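J.: Residue strings, one per chain:
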Amino acid sequence: MEELDIMEIWKGYESKLNETLQINRQNTLELTKMKIKSHLVSLKPTKIFTILAGIIWVVFLDIIAVVAFYAGNISLLISAVGLTIINKLAIGVYLYHLFLISKVGINSNVMEVQDKLARLKVSTLNITKILFLQFPLWTIFYWGWGMIQYGNPILWVIQLAITFASIYLSYWLYINIKTENQDKKWFKLIFVEKEWQAVLKSQTLLEQIEDYKNY
Amino acid sequence: MDSENQTDHFLESLEKHKGIIYKIANAYCKNDEDRKDLIQEIITQLWKSHSRYNNEYKFSTWVYRIALNVSISFYSQYKKRANIHHRLNLESIQLVHEESPRPDENLQQLQRFISELKELDKALILLYLDQKSHNEIAEILGISTSNVATKIARIKMKLKDRFSKIKKD
Chain A
1 MEELDIMEIW
11 KGYESKLNET
21 LQINRQNTLE
31 LTKMKIKSHL
41 VSLKPTKIFT
51 ILAGIIWVVF
61 LDIIAVVAFY
71 AGNISLLISA
81 VGLTIINKLA
91 IGVYLYHLFL
101 ISKVGINSNV
111 MEVQDKLARL
121 KVSTLNITKI
131 LFLQFPLWTI
141 FYWGWGMIQY
151 GNPILWVIQL
161 AITFASIYLS
171 YWLYINIKTE
181 NQDKKWFKLI
191 FVEKEWQAVL
201 KSQTLLEQIE
211 DYKNY
Chain B
1 MDSENQTDHF
11 LESLEKHKGI
21 IYKIANAYCK
31 NDEDRKDLIQ
41 EIITQLWKSH
51 SRYNNEYKFS
61 TWVYRIALNV
71 SISFYSQYKK
81 RANIHHRLNL
91 ESIQLVHEES
101 PRPDENLQQL
111 QRFISELKEL
121 DKALILLYLD
131 QKSHNEIAEI
141 LGISTSNVAT
151 KIARIKMKLK
161 DRFSKIKKD
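Here the protein sequences come in this chain order: A and B. The opening residue of the first sequence carries number 1 in our numbering; numbering runs sequentially from there. The opening residue of the second sequence carries number 1 in our numbering; numbering runs sequentially from there.
Simulated from the structure, these hints should not be mistaken for laboratory data. Note that the coordinates shown come from a computational prediction; the quantities given were computed from them, not determined experimentally. Do not take every clue at face value.
Stated by the list, open to error - Stretch by stretch, here's where chain B covers chain A in the computed footprint (C-beta under 8 Å, at least three residues):
1) 2 to 16
2) 19 to 30
3) 70 to 79
4) 109 to 116
To be verified - Within a straight-line C-alpha distance of at most 27 Å, the following computed DSS-like cross-link-like pairs (lysine-lysine) qualify:
5) B:K16 to B:K132
6) B:K118 to A:K178
7) B:K160 to A:K33
8) B:K118 to B:K156
9) A:K116 to B:K118
10) A:K116 to B:K48
11) B:K132 to A:K116
12) B:K132 to A:K11
13) A:K201 to A:K47
14) B:K58 to A:K184
15) A:K184 to B:K132
16) A:K188 to A:K116
17) B:K156 to A:K201
18) B:K58 to A:K213
19) B:K160 to A:K213
20) B:K132 to A:K213
21) B:K16 to B:K48
22) B:K16 to A:K213
23) B:K58 to A:K103
24) A:K16 to B:K16
25) A:K116 to B:K160
26) B:K48 to B:K30
27) A:K116 to A:K178
28) A:K33 to A:K11
29) B:K156 to A:K11
30) B:K58 to A:K201
31) B:K156 to A:K16
32) A:K201 to B:K118
33) A:K129 to A:K103
34) A:K129 to B:K132
35) B:K158 to A:K213
36) B:K160 to A:K16
37) B:K156 to A:K33
38) B:K158 to A:K11
39) A:K16 to A:K47
40) B:K118 to A:K103
The C-beta atom is built at its ideal place from N, Cα and C for all residues, glycine as well.
Isolated chain A (complex conformation) (with noise of 0.2 Å):
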């Protein structure tokens, strides 16, 4: 077939269109009066209402972790220090996210905004992939001298497994949470599929966008 015959096809359905095609000026009124939040914008208060919980959280942080430096106890200081770190990156990630749905505009060329979006998105798996970083610190924060001196040395053992472990699993995440690993059953139990599927998806529209570009 010629390209001359797929413009006539093109035409002919558009021809068709024309005549079928109605707007109903009560609805579209309707809705012109309405205060509707589309699905884009809709991103916003979420992530509003997480960093402000995250930042009422690093505050607690903050004053334990001052209140461990005057008491002297080390471990928790360290824990409180580590977590207060890895959870200000996440809100550092999320606030970024904020810039970048504010400079979405949604007349913007194609893939100007095609790839906000989908950095957007695809940056979900850094902040899991940061917050997966805390769970060491939480096996670590309850020791203090009293256990050092006259812990049960079989305690100690299952302790320092526990840490140990907790260490090298949040690495081994932090290393293999990418979208190369998406058919892996441990991932599958972490990331919920229909959120997984947009990350996904978005990941993929990067690859095009890339395509384009590089070209």
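Following the hints, put chain B in place on chain A, whose structure we already have.
T.: Structure of chain B alone, referenced to chain A:
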């Protein structure tokens, strides 16, 4: 422009460009209910951006940009999105007949081919079939005109192959 004039102007513009909105929504959403949602989402975004329309671009360029951006990003919110159509029971663009006229076989093949393309290729071929110039396509998509020409040539080749295979069968 007062708000009544603004609404009238918007409705007029929508009337002129309803075909673009429907064709794009139809290419990105095959399911009827989802397509209705998508059309409402596109119209919502057009209305929200209407006051910020920059007349350095053609109005149709602006409509294409918004309709394509909404359609491409709509898929990623597939399950989570607010169902505007059902929530408000509104439908701004309707087919006059309950059932759309049955497309001929060639059109069905062409639509099937378009629906199988990747999101950006789909946008490109829709603009090409609507006979937009390479410059305008470049402006809507944000790529160079030479890139537009090469990508279109590739998609056309695939399309030709597809139709010639059907003919042979």
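J.: Enumerate the violated hints, using their earlier numbering and listing them in ascending order.
T.: 3, 7, 14, 15, 22, 25, 28, 30, 34, 37 and 39
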